[in-house]
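Visitor: Chain residues, written in single-letter form:
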Amino acid sequence: MVDYLKLAWRNIWRNKRRTLITIASIFFGVLLSSFMSSMQEGSYAQYITTIVNSYSGHLQIHKRGYWDDKVINNSMKFDGTLTSKIAKVKDITFYTPRLESYALASTDEFTKGVMVMGIDPETENDLTSISIKIKEGRYLEDHDGGVLLGSALAKFLKLSVNDTLVLLGQGYHGTSAAGKYTVKGIVKQPAPELDRLLVYMDIHTAQDLFSMQGMVTSVVIMVNDNDKVAPVKDKLEGLTGSEEEVMDWKEMNSLLLKQIESDRSSGNIMKGVLYMIITFGILSTIMMMMAERKKEFGVLIAVGMKKYKLIIMLVLEIVFIGMAGVITGIMGSIPLIYYYLHNPIPLTGQAGEMMLQMGFEPAMFFSMAPSIFYYQALIIFVFTILIGLYPVYNISRLKIMSAIRN
Amino acid sequence: MDIIEVKEIYKTYDKDSVPVHALNGISITFKEGEFAAIVGPSGSGKTTLLNIIGGLDEPTRGVVMINGVNITALSSRKKTQFRLENIGFVFQAYNLIPVMTAKENVEFIMFLQGKDKKEREKRTSELLEAVGLSERINSRPNKLSGGQQQRVAVARSLASKPKFVLADEPTANLDSKSTENLLEIMEQLNQKENTTFIFSTHDARVVNKARRVITIEDGRIISDITNR
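Those protein sequences? They're chains L and U, same order as listed.
Each residue of the first sequence is one higher than the last, beginning at 13 in my numbering.
Each residue of the second sequence is one higher than the last, beginning at 13 in my numbering.
Same shape as in the complex, but just chain U (with noise of 0.2 Å):
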């Protein structure tokens, strides 16, 4: 089943007056449980598309459609809600709030859903479990290694029960033993969660882990593998 689906959408910016085509009239569909990579080069426009999906970013022309929702056309107030419910959020520089601890930031997702307090602890033990960090719950992100950040970052990903995940360049600022745990971490996820992963990378660690491969290049598809 499509869950995400993307129709001819075209990103042009303005720099300095002259108009950069970051997207070319891309068209691609996601499945539930798929564990996907959007590779290219720098400039090619996988981080663009994946803050359109994500509702982050307004495409030009062409439309995002979400589990059956144009968020394309949802105002403001209404993507953001759709983004609490719907999206998980991991980014390269991890980007946890630091007066909170660990279980702190993978609790405020659920607090923002307005769920109660019982239900949040209980999901937020489960992942931090699943990611390892059991020990280091009341840590504060200053105590923690990047590996260990960005851990914490996909369990407050998958807080809100997402229908997927978006990660941009979720291994960059780690050393190869914490990418290797985090891409573990994530697969078992996907597998035991039925979580999409979609990510954005040049990371060939990542790519090597991904079940789909999408490569990207002047904002078009060039190819799409699958079930590699």
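Here chain L stands alone, though its shape is the one from the complex (with noise of 0.2 Å):
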């Protein structure tokens, strides 16, 4: 074998600039197709980091329905029968309760319809960060009577820290809800739909302003690997009972895995036209390659050499030429990978704004998992033993003697 290596490997450097060429080819080919992976890859993984850790967990138990009818009487008791539950799952790096619902904000001159969020302040702040989102006061404590606003909110509202907001609202089965609330702190949130609408308030504040003492509507669960999230969601499936449902990040954000696997999907039409420039290149080289060398194709048929040796011998040329282009490809793309890892590319004008909207970080991330790398190779390599089909079919069909008198 090391010497049918050997051979293929000084066959390909017959007629250096033409592999070269097609070397190079394969070469921008895996460079621009790895560039493309790891953009979408990388901005994927951070929208989707970017939900489920500013908002959805990893998973969230409600009552049946809650999801579908995101109502305050669709709430469930969070007591010790329920944590105790959650605290027999390993995995789970913490959970945390809350309570939603909406309200009209009022000051002595405006009133706006806003989303209450109540939460537990300490581990809502190790989910989503909130304190860090501070621009002025300060974060909620326990037990805490006043409330965060998002920064557009009060500046619609005209409100600052220290100022008082009456929310009202419909309470848990009619009930009436009216509360009057100091202004702890304003937070500055990065989406800013988020930030025109949402006030948040210590949970227990929450309970007494919608009449929902030790009720909630989500309990909000985080697990140590994301590789653990279909464990410890069935798990908890079968530790709670009829009336609660358990939902993963999947579930809760599927519109948004859509509109990725569409992305996705446009991304693989575009790669796959790389793709085929590249088989077409690399096939037009072994095509002229092979009516170059024809006649010696039919002398070493006639000295001996089996049809399926000399095959063999012109795939493994196919597969260096492929592995060289893949090998290089990938070299090249690394470092460039690696610096926009560390520098995503900021968006700008409209595009920006949009993602702004959207909630996400206006840049593009990019990844560097080692399936963006591999996943070159081995189509390169599929690719390749195709065109290998070519060799294959015309030697088979080779006649000695005309190969002999080519």
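Note that these hints are calculated values from the structure, not bench results.
Each hint should be verified, as a subset may be incorrect.
What the hints assert, rightly or not - Heads up, simulated BS3-like pairs for lysine-lysine below, C-alpha to C-alpha not over 27 Å straight-line:
#, chain 1, residue 1, chain 2, residue 2
1, L, K147, L, K82
2, L, K318, U, K134
3, U, K134, L, K18
4, L, K306, L, K28
5, L, K307, L, K89
6, U, K27, U, K129
7, L, K321, U, K134
8, L, K192, L, K82
9, L, K97, L, K240
10, U, K127, U, K204
11, L, K147, L, K167
12, L, K283, L, K319
13, L, K321, L, K306
14, U, K173, L, K318
15, U, K175, L, K318
16, L, K18, U, K127
17, L, K18, U, K130
18, U, K19, L, K18
19, L, K411, U, K155
20, L, K411, L, K306
21, L, K28, U, K155
22, L, K307, U, K155
23, U, K90, L, K306
24, U, K90, L, K321
25, U, K90, L, K307
26, U, K173, L, K411
27, L, K306, U, K27
28, U, K173, L, K321
29, U, K129, L, K318
30, L, K102, L, K240
31, U, K189, L, K319
32, L, K307, U, K175
33, U, K173, L, K18
34, L, K319, U, K175
35, U, K155, L, K306
36, L, K318, U, K127
37, L, K28, L, K307
38, U, K129, L, K18
39, L, K170, L, K124
40, U, K127, L, K319
The task is to assemble the complex, starting from two chains supplied on their own in separate frames and drawing on the hints.
Guide: Take a look at the structure:
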């Protein structure tokens, strides 16, 4: 085999310029394709991380039906029974309860519909790091009677720290909900929509407001590893009753995942076109190479080389060309992607605005997941094997005499 | 002892739908150790006969027996193996593998036979020494003259210790000095290894060296002179 490898390696360098051009075409194809894949996967990972860490968490427990009909009447008890069940499951790093509803926020001059989120200040901060987004005032404390406002909401209502906000709404099972709260801090939410809508308060304060003592609308759960989400979900489903539902981040963010899938598909079409160009580049080189060496193949078979051995040698030549392009392409793309991994490309203008509105950081992020690189190698390998069918077909039909007379 | 037996061989080509009879019922035998030349004008059928004896071409009718084996009945795969073990070829255009050195070109045949490296190296140096190229073993064909390349081709043809060597116009591209040199080498190898050499040629110098001359015209043997 070593002799075939040596021979194949020498053969590809018979026409150095042609081989180098072919390798260069694969190099640029792999570079471009890796760059595109890295940018896609990095951005998707960023979207998912943002959405998991800023809102959904890895898993949530709700009263069955809450996710489809988010009203406070679809709330559940959050007491020792539920927390002891959660505590039984390993790999859960922490959990945080929430009580979410809507109310009218009023000041002397203005009124606006807002989203009220009752949170456990400590554990919610572990998940969403709200405290670092405080631009004025301070973060909430346990049993804090005050509220935090989104900066755009505060601006609209012309409120600042220590001002008073009145909340009016509907409580549990039609009770009226009304309360007066001191603004403890102003939060700058990255997502403009949330910045205009969100009012945070301690969960006990929210339970008082909505007359829902001991009740929550959801419990957000984080696990120590993305891969553990599914087994933890299974365990929780086994422990909770039929009244509750356990949803993972994929179920809760199905729209985002569909968008990612659709974007990935368009990317795959582009990469497919790129791979086709590479494939035809290699194929044309192989066709030229075979046409030039037809006589030699005839001679080799005449002197006793079996056709399948000749085919092995030719396939090795194709694999060498393919792999040389892939290896150099990957070697070239690693430093490039590494640079952008640490320096994401900022998105400005309309694209940046759009990202902000969706609650994402306006930048193109990159990923250095090994799969991005070995996927390239695998695809090129598959294509080279497909190209290898050409010599198989050609050599199997080769007539010695016509080849020697060529 | 007859090592090659050609019985009633016919070969007809279709050229622009017109049948061309290249060989018309040729029967001939060759013995071990012969140094024979097949001569005749262009288109007489000498190369076709050589190709059919070598299993490179199929006869339209007739049988070629080599050492008792009917090679015309062998499958393509078996024929390739048979050629590897029994027949050496020398071509007019040398046809060495350009990416291999002289030594590797000779060794390659034995590599295909599955012989071990030590044996291959020993036989290669013997043969390259016999053809006077022991100083050029690491040269690639493009660094060798036509005569030197043909000497490597002769060494290659003998590498597998074949029963016979078929040489199609081996001297056609060589100058007279190289031709003389090459013929001398082939004659020595024929005598030393008792390998049968069969040439197709126009070259009078080759004919003069041959101990048997078969003349073909219009696909028929018109004379066969031995022990000249």
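Visitor: State for each hint whether it applies.
Guide: Right, here's what the structure says about each hint:
1. A hinted pair counts as satisfied when its Cα atoms are at most 27 Å apart, and K147(L) with K82(L) does not qualify at roughly 30 Å.
2. Distance restraint check for K318(L) and K134(U): the Cα-Cα separation of roughly 24 Å lies within the 27 Å cut-off, and the hinted pair is therefore satisfied.
3. For the given pair, K134(U) sits about 21 Å from K18(L) by alpha-carbon distance, which is consistent with the 27 Å threshold.
4. Taking the CA atoms of K306(L) and K28(L), the gap is near 19 Å; set against the 27 Å cutoff, the hint holds.
5. A threshold of 27 Å between alpha carbons decides the hint, and for K307(L) with K89(L) the separation of about 84 Å lies outside it, so the pair is violated.
6. Between K27(U) and K129(U) the CA atoms are separated by roughly 47 Å; this puts the pair beyond 27 Å, and the hint is violated.
7. A distance of roughly 24 Å separates the Cα atoms of K321(L) and K134(U); the hinted pair therefore holds under the 27 Å criterion.
8. About 24 Å separates the Cα atoms of K192(L) and K82(L), which keeps this hinted pair within 27 Å; it holds.
9. Restraint check: the Cα-Cα separation between K97(L) and K240(L) comes to about 17 Å, which is no more than 27 Å; the hinted pair holds.
10. Simply put, K127(U) and K204(U) have alpha-carbon atoms about 22 Å apart, close enough for the 27 Å limit, and the pair holds.
11. Our distance criterion of 27 Å between C-alpha atoms is met by K147(L) and K167(L), whose separation comes to about 13 Å.
12. The suggested pairing of K283(L) with K319(L) is violated, with an alpha-carbon distance near 35 Å, which exceeds 27 Å.
13. Note on K321(L) and K306(L): the hinted pairing holds, with a Cα-Cα distance of about 15 Å set against a maximum of 27 Å.
14. At most 27 Å may separate the alpha-carbon atoms for a hinted pair to count; K173(U) and K318(L) meet this at roughly 18 Å.
15. For the hint pairing K175(U) with K318(L), the CA-to-CA distance comes to about 20 Å; that is within 27 Å, so the pair holds.
16. With a CA separation close to 18 Å, the supplied pair K18(L) and K127(U) stays within the 27 Å bound.
17. Only pairs whose Cα atoms come within 27 Å are accepted, and K18(L) paired with K130(U) is accepted, the gap being roughly 19 Å.
18. For the hint pairing K19(U) with K18(L), the CA-to-CA distance comes to about 43 Å; that exceeds 27 Å, so the pair is violated.
19. For the hint linking K411(L) to K155(U), the alpha-carbon distance of about 30 Å lies beyond 27 Å, and the restraint is violated.
20. In summary, the hint linking K411(L) to K306(L) is supported, as the alpha carbons are separated by about 10 Å, within the 27 Å threshold.
21. Of the pairs offered as hints, the one joining K28(L) and K155(U) holds, with about 18 Å between alpha carbons and a cut-off of 27 Å not exceeded.
22. A distance of roughly 20 Å separates the Cα atoms of K307(L) and K155(U); the hinted pair therefore holds under the 27 Å criterion.
23. Between K90(U) and K306(L) the CA atoms are separated by roughly 22 Å; this keeps the pair inside 27 Å, and the hint holds.
24. Among the hinted pairs, K90(U) with K321(L) is consistent with the structure: their alpha-carbon atoms are about 14 Å apart, no more than 27 Å.
25. Simply put, K90(U) and K307(L) have alpha-carbon atoms about 21 Å apart, close enough for the 27 Å limit, and the pair holds.
26. Simply put, K173(U) and K411(L) have alpha-carbon atoms about 26 Å apart, close enough for the 27 Å limit, and the pair holds.
27. Between K306(L) and K27(U) the alpha-carbon distance is near 22 Å, which keeps this suggested pair within the 27 Å criterion.
28. Distance restraint check for K173(U) and K321(L): the Cα-Cα separation of roughly 21 Å lies within the 27 Å cut-off, and the hinted pair is therefore satisfied.
29. With a CA separation close to 20 Å, the supplied pair K129(U) and K318(L) stays within the 27 Å bound.
30. Straight-line distance between C-alpha atoms of K102(L) and K240(L) comes to about 10 Å, which keeps the hinted pair within the 27 Å bound.
31. Between K189(U) and K319(L), the direct Cα distance comes to roughly 38 Å. Violation of the 27 Å bound is thereby established for this hinted pair.
32. At most 27 Å may separate the alpha-carbon atoms for a hinted pair to count; K307(L) and K175(U) meet this at roughly 25 Å.
33. At most 27 Å may separate the alpha-carbon atoms for a hinted pair to count; K173(U) and K18(L) meet this at roughly 25 Å.
34. Proposed proximity of K319(L) and K175(U) is supported: the alpha carbons are some 23 Å apart, at most 27 Å.
35. At most 27 Å may separate the alpha-carbon atoms for a hinted pair to count; K155(U) and K306(L) meet this at roughly 22 Å.
36. Only pairs whose Cα atoms come within 27 Å are accepted, and K318(L) paired with K127(U) is accepted, the gap being roughly 16 Å.
37. This hinted pair checks out: K28(L) and K307(L) have alpha carbons roughly 20 Å apart, not beyond 27 Å.
38. Simply put, K129(U) and K18(L) have alpha-carbon atoms about 15 Å apart, close enough for the 27 Å limit, and the pair holds.
39. Only pairs whose Cα atoms come within 27 Å are accepted, and K170(L) paired with K124(L) is accepted, the gap being roughly 12 Å.
40. With a CA separation close to 19 Å, the supplied pair K127(U) and K319(L) stays within the 27 Å bound.
The structure fails hints 1, 5, 6, 12, 18, 19, 31 (numbered hints given earlier, in ascending order).
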